[in-house]
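**Student:** Chain by chain, the residues run as shown.
Protein chains: 2
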Amino acid sequence: MQQDVTPDDIEALAIGAWILGTGGGGSPYHGLLNVRELVAQGRTVRLMDPMTLADDALVAVVSTMGAPLVGQERLVDPQNAVRAVMMMQEYLGCSFDAVMSVEVGGSNALQPFLIAALTGLPVVDADAMGRAFPEAQMNSFAIGGLPMYPQTLCDVRGLETVVAKVPSWKWMERVARKICTEYGSIAATCKAPRTGRQVKDWGVLYTTTKAIRIGNAVLAARKAHADPVAAVLALENGRHVFTGKIADVERRATEGFLRGIAQMDGLDADRGSRMTIEFQNEFTVCSVAGVARVMTPDLICVLDSVSGEAIGTETLRYGQRATVIALPAAPVLLTPNGLLHVGPRAFGHDLDFTSVFAS
Amino acid sequence: MQQDVTPDDIEALAIGAWILGTGGGGSPYHGLLNVRELVAQGRTVRLMDPMTLADDALVAVVSTMGAPLVGQERLVDPQNAVRAVMMMQEYLGCSFDAVMSVEVGGSNALQPFLIAALTGLPVVDADAMGRAFPEAQMNSFAIGGLPMYPQTLCDVRGLETVVAKVPSWKWMERVARKICTEYGSIAATCKAPRTGRQVKDWGVLYTTTKAIRIGNAVLAARKAHADPVAAVLALENGRHVFTGKIADVERRATEGFLRGIAQMDGLDADRGSRMTIEFQNEFTVCSVAGVARVMTPDLICVLDSVSGEAIGTETLRYGQRATVIALPAAPVLLTPNGLLHVGPRAFGHDLDFTSVFAS
Numbered sequence: 035m036q037q038d039v040t041p042d043d044i045e046a047l048a049i050g051a052w053i054l055g056t057g058g059g060g061s062p063y064h065g066l067l068n069v070r071e072l073v074a075q076g077r078t079v080r081l082m083d084p085m086t087l088a089d090d091a092l093v094a095v096v097s098t099m100g101a102p103l104v105g106q107e108r109l110v111d112p113q114n115a116v117r118a119v120m121m122m123q124e125y126l127g128c129s130f131d132a133v134m135s136v137e138v139g140g141s142n143a144l145q146p147f148l149i150a151a152l153t154g155l156p157v158v159d160a161d162a163m164g165r166a167f168p169e170a171q172m173n174s175f176a177i178g179g180l181p182m183y184p185q186t187l188c189d190v191r192g193l194e195t196v197v198a199k200v201p202s203w204k205w206m207e208r209v210a211r212k213i214c215t216e217y218g219s220i221a222a223t224c225k226a227p228r229t230g231r232q233v234k235d236w237g238v239l240y241t242t243t244k245a246i247r248i249g250n251a252v253l254a255a256r257k258a259h260a261d262p263v264a265a266v267l268a269l270e271n272g273r274h275v276f277t278g279k280i281a282d283v284e285r286r287a288t289e290g291f292l293r294g295i296a297q298m299d300g301l302d303a304d305r306g307s308r309m310t311i312e313f314q315n316e317f318t319v320c321s322v323a324g325v326a327r328v329m330t331p332d333l334i335c336v337l338d339s340v341s342g343e344a345i346g347t348e349t350l351r352y353g354q355r356a357t358v359i360a361l362p363a364a365p366v367l368l369t370p371n372g373l374l375h376v377g378p379r380a381f382g383h384d385l386d387f388t389s390v391f392a393s
Numbered sequence: 035m036q037q038d039v040t041p042d043d044i045e046a047l048a049i050g051a052w053i054l055g056t057g058g059g060g061s062p063y064h065g066l067l068n069v070r071e072l073v074a075q076g077r078t079v080r081l082m083d084p085m086t087l088a089d090d091a092l093v094a095v096v097s098t099m100g101a102p103l104v105g106q107e108r109l110v111d112p113q114n115a116v117r118a119v120m121m122m123q124e125y126l127g128c129s130f131d132a133v134m135s136v137e138v139g140g141s142n143a144l145q146p147f148l149i150a151a152l153t154g155l156p157v158v159d160a161d162a163m164g165r166a167f168p169e170a171q172m173n174s175f176a177i178g179g180l181p182m183y184p185q186t187l188c189d190v191r192g193l194e195t196v197v198a199k200v201p202s203w204k205w206m207e208r209v210a211r212k213i214c215t216e217y218g219s220i221a222a223t224c225k226a227p228r229t230g231r232q233v234k235d236w237g238v239l240y241t242t243t244k245a246i247r248i249g250n251a252v253l254a255a256r257k258a259h260a261d262p263v264a265a266v267l268a269l270e271n272g273r274h275v276f277t278g279k280i281a282d283v284e285r286r287a288t289e290g291f292l293r294g295i296a297q298m299d300g301l302d303a304d305r306g307s308r309m310t311i312e313f314q315n316e317f318t319v320c321s322v323a324g325v326a327r328v329m330t331p332d333l334i335c336v337l338d339s340v341s342g343e344a345i346g347t348e349t350l351r352y353g354q355r356a357t358v359i360a361l362p363a364a365p366v367l368l369t370p371n372g373l374l375h376v377g378p379r380a381f382g383h384d385l386d387f388t389s390v391f392a393s
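Same order as they appear, the protein sequences are chains A and B. Note that the first sequence covers residues 35 to 393 in the working numbering. Note that the second sequence covers residues 35 to 393 in the working numbering.
With the rest of the complex left out, here is chain A (with noise of 0.2 Å):
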């Protein structure tokens, strides 16, 4: 089952993937202004149900990978988009029948768009994090075990980089950030292909039209005055953390990551208090008084507290008016074996790790 993408899902995905990015994944504007120029040119976009992938379909999983920061400065090339996706086919000698995002949350979900726009291939409505994380084995075909090579890279300079074969997904990660911070800290990328029957088993389901409802939902509050924060907590089942005002930014581009950690001051029911959330690309942990209110998996959103727009680690700045929300993580993070790729201690935080969907 396939159906055409309007223009309109388009804006509403920009806004939800946004919001799923957890404030990383980059921010889809650039992304969105090039589907909408590629749609403008009559070009047509399908979305597919994962569900009906024949088991043997082959899909090519993509990102834009690097610190989003960079991604503020070096424009995204859809060109460049499907160059990895190319690659990939010449070194396997292999033909994709679609075309899927590793990431859901931030540019990456347009990423698939570009692809498919310029090859016409289906997207594949699902994605491998149901948000956003910044680590090659952070995701759940890495959870699942399934092979983390080959992985292409490749740059509008004409760089071009096969990682062909590595012993773990922690070399994988080693290598291509090393690749790709050469590059500039920014390079797109076409990881290991999967076969439908992997996707169906170990993708996190339509997380592309769940994004596209969660913009809706902000898209019709605006419309109504109303409070998108408010619609977008009530159609996830979401929790509100935190209303307040940035206090001050901590960030840096270090190592192909963007780091740092961002002070809040509560506002409305949460003045007095003081909440602080820590980033690795994405938001990983947040605390008021040194204890975790929120915790990776779970999705840390931060967001505008007016117009419901999220508001990235790169974005992040001294005075914006936020409300920190957190979103029910996808259950296969939160397995055992999800926990030690995603959770706490994965990000180097020494914390177990507990939902605050648990109480």
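What the hints contain is simulated information worked out from the structure, not anything from laboratory work. Just so you know, not all the hints are guaranteed correct.
Because identical chains cannot be distinguished in the list, a pair is counted as satisfied if it fits within a single copy or across any two copies.
Said to hold, decoys possible - List time: in silico SDA-like cross-link candidates among lysine to any residue, alpha-carbon distance up to 25 Å:
hint, residue 1, residue 2
1, Lys279, Trp236
2, Lys257, Leu67
3, Lys279, Asp89
4, Lys204, Asp111
Owing to the predicted nature of the structure, the values given are computational and were not obtained by experimental measurement.
Go by the hints and put chain B onto chain A.
**Tutor:** Using the frame of chain A, we list chain B on its own:
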């Protein structure tokens, strides 16, 4: 024309190549042990006159890349050296007719022999430097403007990467160096394949037999209780530069290289003066009282004053009695374009090249 290589040839090659390494290329000792073992198992290795290569023959150009100091700890694995070549064959769908080293200096002189012993390919009596150099763009194929990609890199732990495309030699150096560094500052590599025509036009020819000849001169002098250093100088029209004792060594493994500076106090005719030798894997410039005496691409070789054994940048140590000699560089390195690639400025020295052999 091909000839079998004898165990005696290999012993001499190790000595001569270490001298031509100008401090770098890594100690040939582990490679020598490997080739000895393979020959003892009955493997044979043939050396091939480069001028007998068919124009369309395909030659694998190989090396172990990295910081020489690391090569002292991570031993050369012949299967891994072969793997880099197999990766290239698989990637390009090609079949090699012969193998050669990118640099005859140091352990890389033995790298094609390991591969030859296991695959049966002949070794071409040539390299692309006539010595050793630390960076990708520092070779005669680069000086000739030949293509710089693809390149394969592999590691005994099952790490395999293909640098498929780059826009320049410097980019090949940047990307491959970062991969190598992440592997642990050592990787077996197969460089961009060369045709027989390219090797004949742009290779530095007959350097394997040159290294064997130098090694034999050292061995003969030792046997005759004569001066091995003098024997090398006489054979290769070299120039005596300095005799002394190592007084100090500053050395750091950084960015995939071994960099540093050594001080020597003069003995005999050089008593009372101090020589400074700078290095980046290889010796680049040696100076007395701030005045450069010899500079790259002229070969700066530091030899044990008694045995004539070369001393590498990673084995320099306080108290060694050493003689510094200069040997002539291959003519291609002395062309204006050659000096852009391997002259003193290519190593960050603010010096116009003057050959010690010009005076």
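**Student:** A separate judgement is required for each hint: does it hold in the structure or not?
**Tutor:** Against the structure, the hints come out as follows:
1. With identical chains, the CA atoms of Lys279 and Trp236 are never at most 25 Å apart, being 39 Å at best within one copy and 65 Å at best between copies.
2. In this assembly of identical chains, Lys257 and Leu67 lie within 25 Å of each other by CA distance solely inside one copy; the values are 22 Å within and 77 Å between copies.
3. Proximity of Lys279 and Asp89 under a CA criterion of 25 Å is satisfied in neither setting, with 49 Å inside one chain copy and 71 Å between copies.
4. Taking the shortest Cα distances, Lys204 and Asp111 sit within 25 Å of each other only across copies (24 Å), while inside one copy they are farther apart (28 Å).
Hints 1, 3 from the list above are not met by this structure, while the remaining hints are.
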